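Q: Residues per chain, in single letters:
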Amino acid sequence: MEIEHIKADVLCVGGGIGGLMAAIRASELGAKAVVAEKGNALHSGKGGGGCDHYLSYIPEIHGPDMDAFIEEMLQTQQRHNFEGLGMNRIRVHIAKTFDIVKMWESWGIPMKYRGEYHYAGHAFPGGFRCLMKYEGRNQKPILTKKALEKGVEIVNRVMVFDLVSDGNKVYGAIGLNTRDEKIVVFEAKSVILGTGGISRLYPSPTPGWFNNIATRLSLTGDGRAMAYRAGAELQNMEMRIQHAGPKYYARFGQATWIGVFRDPQDRPIGPFVTKPERLYGDITPEVNKNIFLEYAQAGKGPVYMDGRGMSQEDLDYMMYWLPHEGNTPLIEHMKADGIDYLKHPVEFMTYDQGSGGRIVTNEEGETSINGLYAVGDELANGVSNASVFGWISGENATLYAKGANIPDGKEIQDLIDEKKGLLEKIRGQKNGPDWKEVNVALQQIMSDYSGALRTEALLDTGLFHLKRLKQKALESIIAGNQHELGRSIEVLNMIDIGELVFICSKERKETRGLHIRRDYPLTNPRLNNKVHIIKEVDHRPVTEWRPTQK
Amino acid sequence: MPPIIDEDKCTLCGNCVDICTEDVFFGSKKKQLPRVTYPHECVYCNACVEECPAEGAVRLRLPLPMMLMYKPAPTA
Amino acid sequence: MTHIIMAGEQMEADVLVIGGGPAGLMAAIHAAESGAKVTLIDKANTVRSGSGATGNDHFRAYIPAFHGPDMEPVVKEVAKSQAGWTRPQSFVRTWMKTSFDIVKMWDDWGIPMKHEGRWEFSGHTFPGKPFTTLKYSGQSQKPILTKEAKKRGVKIVNRVTAFDLITDHGISGAIGVHGREDKIITFSAKAVVLCTGGCVRLYPGPTPGWMFNRADSPHTTGDGRAMAYRAGADLLNMEIPMRWAGPKYFAKCGKATWVGVLRDPRDKPVGPFVTKPDRIYGDPISDSYKGLFEDYMKTGKGPVYMDCRGISNEDYDYMMHYMKHEGLHGILHHFDEEGIDLRENPIEFMTYEMTTRGGIHYNEKGETSMPGLYAAGDEYFGGISAAATFGWIAGGKAAGFAFGRDAPSKNAGKESSEALKNLVREMRNRKDGPSWQEINVALNQVMSDYIGPTRSDTLVEAGTAHLLRIKEKARKDLVAKNQHELIHCLEVLNLLDVAEVIFAAIKERKETREKYIRVDHPYKNPAFDEKVLVCRKGPEGPLTEWKAIND
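Protein chains in written order, with my numbering: chain A, 1 to 550; chain B, 1 to 76; chain C, 1 to 551.
It cannot be assumed that every hint is accurate.
Stated by the list, open to error - Straight-line distance between alpha carbons at most 16 angstroms, and here's what the computed EDC-like set of lysine to aspartate or glutamate pairs gives:
1. A:472 x C:511
2. C:301 x A:294
3. C:476 x A:337
4. B:71 x C:344
5. A:300 x C:461
6. A:430 x B:7
7. B:71 x C:461
8. B:71 x C:181
9. A:430 x B:6
10. B:30 x C:181
11. A:472 x A:434
12. B:71 x A:456
13. C:298 x A:294
14. A:472 x C:338
Everything labelled a hint here was simulated from the structure, so no lab data went into it. Note that the structure is predicted; figures quoted are calculated from it, not measured.
Let the sequences and hints guide you as you build the complete structure.
A: The structure is reproduced here in structure tokens:
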């Protein structure tokens with residue numbers, strides 16, 4: 001494999017909303033910004049198909065008290081999303097949202113509905129509506145265009161999989177080209193990780209199928225894995241997250257659906273709405289995402305998203321937003337199968353989204369490694385968070401880069417040699433398991449030993465199996481081409497993350513949220529307002545409890 | 001994915017192709033190296049190995065999701 | 001792409017046996033011995049096909065020299081192990097009465113039925129109860145039975161899958177599809193014996209989405225049940241679930257071959273029966289409690305290990321010998337490669353997925369509800385001894401039936417053969433559409449989510465609607481790139497029919513009884529005592545009927 005070198009002041013790993021916003025800002029401030037993207041920035045990432053809701057605070061609409069807005073917001077599903085991030089950081093985020101909204105609008109992303117800022121969905125009747133409806137279908141092409149206009153260099157089909165760092169400071173990153181037999185070495189003064197969430201650590205709704213997922217196949221926690229290997233701190237890796245949506249057809253966009261969640265006897269399962277309500281939706285599953293699973297397990301299910309009784313106008317409204325949320329194929333399927341939402345309630349289910357852990361960053365977006373930043377789903381879900389912290393990190397990374405230089409030491413070369421060796425070894429292996437096989441093996445270990453129910457014995461056993469799997473995967477995984485090589489590296493990244501999930505789950509000897517320790521059923525009040533940190537010290541994982549940032 | 005044919009040892013007798021219950025070797029031609037057309041359908045029953053006249057010409061590779069979950073022996 | 005045309009072919013016999021496992025081969029052997037012209041068709045190759053393909057090591061039998069003159073305690077014990085409330089005792093009595101004849105026959109043919117020169121019974125037994133499983137060395141049973149069938153003039157047609165019975169004027173044969181050539185074969189016969197095995201691939205297996213990691217042969221897909229149902233025959237007990245247990249993830253039957261103690265993570269035995277490895281009893285806790293492994297995992301008390309540590313050298317050798325004969329070669333090979341030593345490494349076990357215990361309603365003569373149609377083996381679950389015994393009985397009866405009737409008319413089967421030709425031509429010539437795997441996965445998830453361990457009216461109702469939609473799509477859209485995939489498509493269509501019957505039966509059985517659990521009816525309904533639930537095809541889907549168990 002030949003080696004290509006690319007130099008940058010600011011390297012953005014991942015060309016999603018976070019990465020593009022960071023690159024745009026860095027370039028604006030005069031830095032040489034490069035985006036390395038696994039797919040094609042035009043439609044890659046979780047926001048690649050669109051989005052229709054943007055968490056934002058507009059004083060003229062929500063009133064002058066931002067803290068009241070935040071308090072209300074934290075009663076919705078955002079409470080899981082922002083757990084452990086600290087109030088100051090949340091304030092920085094929310095305060096910045098309106099600026100970004102205006103910026104996006106000026107770039108051509110329609111943020112208004114019928115001429116006005118319009119908030120709906122994910123809300124309690126009578127409460128604040130925190131989510132602005134916007135037409136995000138073309139957000140990625142628009143942001144990509146904007147980045148190119150500002151002079152950002154976008155390198156598509158390159159998967160960055162390791163950082164160059166001395167454990168204290170970052171100097172760049174190494175990637176592989178997923179189409180040509182090439183390794184790309186980025187020499188960068190600062191690096192911004194924005195690789196998105198983790199979609200394939202736990203099994204999807206359809207047994208053994210990787211692509212039936214609410215997000216994207218290629219979101220595999222690469223950022224968290226490489227940050228950890230570079231010595232950065234991660235937090236709360238053991239915490240699980242769930243999502244909900246149409247049964248079997250895993251897609252985000254639950255709040256775009258207007259209707260009432262009802263049981264088979266047509267009784268609403270929640271106390272909030274009794275008829276379809278477009279401004280609030282039915283927020284029941286945001287109080288408990290597990291509710292569909294609980295109904296199914298108790299034999300009381302299925303639970304339906306029921307739009308019967310809604311007006312044609314509301315149906316048109318919902319059908320207007322679904323494509324912006326990236327759900328056009330779903331609409332096509334409904335048409336093809338004669339599913340009339342005014343007549344046919346649609347079953348919903350709980351999806352398992354895997355680890356909710358994140359890279360530790362401060363209010364500037366910087367991680368515990370100098371020059372290394374993290375944005376987007378590396379921290380918390382949502383387009384709003386990605387765009388705001390993309391912007392903030394891009395700014396701070398540029399400031400940092402001004403005072404930094406790239407060393408051309410032997411260490412970089414050693415790392416390049418090591419990684420090149422690994423990639424070539426995988427390409428050269430024969431008659432071994434392919435990435436899918438390893439991924440299925442990983443998923444079943446994760447869900448059986450560190451899934452909905454955890455105990456010391458299960459975690460110990462599962463960790464032993466996982467380490468055995470890791471060793472076998474490293475020894476024998478095969479890749480027939482660069483595409484499969486990328487998939488193999490993704491799976492190795494997820495195995496690293498899986499290991500952290502096990503270690504952190506063992507250390508959290510309490511039950512909290514979806515982390516259910518059958519052997520420690522108490523929620524330990526001493527761990528309230530604490531975050532669980534893990535990092536690598538001398539090639540060993542070290543964990544620590546730390547107060548949540550202020 | 002299993003089975004794996006050793007080209008050097010295979011005698012091209014076609015026994016494995018005849019015998020396989022799942023017809024993993026579907027589409028193989030007589031007197032030619034067996035083609036593993038449907039590796040995911042192998043059930044590790046060992047019939048092809050049993051009926052193979054050449055020791056080691058066919059072996060089964062167990063996929064990782066099926067590896068046995070054993071308990072390690074305490075280290076001395 | 002060239003247009004695929006299916007060639008037609010005709011074959012004739014007195015007795016047509018469908019499926020060449022132990023049941024089918026025994027049926028064919030007996031029918032041929034009785035003087036009938038017998039054709040046996042097998043999806044694969046009878047030398048190694050079916051759930052007994054590479055071996056078996058235990059055979060339920062009553063042997064007077066071992067058990068003494070009173071057969072009744074053995075009958076009672078076997079009935080209990082087979083969920084006795086679902087079948088009449090007379091059935092088990094016939095089975096046990098005939099079993100020793102079969103044992104002697106097999107021994108004569110060269111299948112070693114003795115251990116070191118004596119009748120050896122062990123495993124699947126509770127201390128103090130009569131032994132019912134004879135240890136034998138069955139690794140070569142299939143090649144041997146195939147040879148015996150050929151010796152008696154049975155015509156064996158391999159790589160042909162029967163899909164529909166011919167019912168023009170009573171049962172008159174079957175239509176089959178070749179698994180390698182573009183060919184449809186019409187078998188005309190005076191009597192038919194169905195022996196296609198169990199019903200694997202209905203529910204998701206231990207490894208998500210992997211169709212072929214199964215405890216039993218994944219090639220057995222309820223074909224016999226489905227074609228009997230479509231022909232109008234009765235199925236019974238389809239709603240009664242059955243589950244196996246064995247090594248975690250590496251799904252293979254043969255739990256009783258393991259000589260060890262089932263222990264929890266703290267080495268505490270999970271059952272009361274044994275505290276050290278005992279080759280005579282194995283650890284029978286998992287016989288009476290197959291859900292044990294799953295329950296331990298669900299409650300956080302697991303995993304549960306099969307722990308052979310402390311086994312004597314002699315018992316270890318015994319276990320390894322019988323593992324080979326039980327067909328556990330894959331596992332033995334894996335031990336070698338990984339350096340797993342059962343004397344040191346306990347192995348995690350798990351509860352495997354569900355299937356149906358029920359099947360074609362056949363009596364102790366092997367007769368189904370339709371004259372001229374016989375069934376044996378796992379067409380209704382029973383294990384290898386039941387397969388061999390009732391195969392033998394059914395073959396004899398089928399020959400007798402065939403002698404009493406004329407050959408079906410030349411035109412019999414024309415219509416069904418044309419219908420099948422059209423169906424398969426469409427699947428072969430279609431370009432875009434779901435593969436068999438897609439439909440099978442869709443079926444699997446509906447089965448496990450709507451009529452898995454949790455069953456209720458609302459789930460059955462919602463699931464039935466989903467199933468019917470999948471079924472319609474399958475018939476309309478399935479794509480087969482070649483004959484191999486075509487067979488899998490037909491298997492999936494069979495599974496969908498079987499699934500429909502199971503949904504209908506669950507809807508009807510509004511109660512909880514042993515392993516059959518309805519969360520909305522958590523009690524045993526005395527009205528159903530001594531009754532079985534029969535399903536047959538009606539004009540608009542399955543019809544159900546409660547019958548007295550001895551009918």
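Q: Straight-line Cα separation of residue 71 of chain B and residue 456 of chain A no greater than 16 angstroms?
A: At roughly 15 angstroms apart (the allowed maximum being 16 angstroms), residue 456 of chain A and residue 71 of chain B satisfy the hint.
Q: Would the pair residue 300 of chain A and residue 461 of chain C pass a check requiring their Cα atoms to be no farther apart than 16 angstroms?
A: With a Cα-Cα distance of about 12 angstroms, the restraint between residue 300 of chain A and residue 461 of chain C holds, given a limit of 16 angstroms.
Q: Does the structure keep residue 71 of chain B and residue 344 of chain C at a Cα separation of 16 angstroms or less?
A: The given pair, whose Cα atoms are some 8 angstroms apart, holds under the 16 angstroms limit.
Q: Is residue 430 of chain A close enough to residue 6 of chain B, meaning Cα to Cα at most 16 angstroms?
A: With a Cα-Cα distance of about 13 angstroms, the restraint between residue 430 of chain A and residue 6 of chain B holds, given a limit of 16 angstroms.
Q: Does the alpha-carbon distance linking residue 71 of chain B and residue 181 of chain C stay inside the 16 angstroms limit?
A: violated, 48 angstroms
Q: Decide if the proposed pair is consistent with the structure: residue 301 of chain C and residue 294 of chain A, CA atoms, cutoff 16 angstroms inclusive.
A: violated, 21 angstroms
Q: Does residue 472 of chain A pair with residue 338 of chain C here, judged by a C-alpha cut-off of 16 angstroms?
A: Cα-Cα ~11 angstroms, so holds.
Q: Could you grab the alpha-carbon distance between residue 472 of chain A and residue 511 of chain C and see if it respects the 16 angstroms cut-off?
A: Violated, at about 48 angstroms.
Q: For the pair supplied as a hint, residue 71 of chain B and residue 461 of chain C, is the alpha-carbon distance within the 16 angstroms limit?
A: violated, 43 angstroms
Q: With a cut-off of 16 angstroms on the C-alpha distance, tell me whether residue 472 of chain A and residue 434 of chain A pass.
A: holds, 12 angstroms
Q: Please verify whether residue 30 of chain B and residue 181 of chain C have alpha carbons no more than 16 angstroms apart.
A: holds, 14 angstroms
Q: What's the verdict on residue 430 of chain A and residue 7 of chain B, does the C-alpha distance respect the 16 angstroms limit or exceed it?
A: Holds, at roughly 14 angstroms.
Hints 1, 2, 7, 8 from the earlier list are contradicted by this structure; the remaining hints agree with it.
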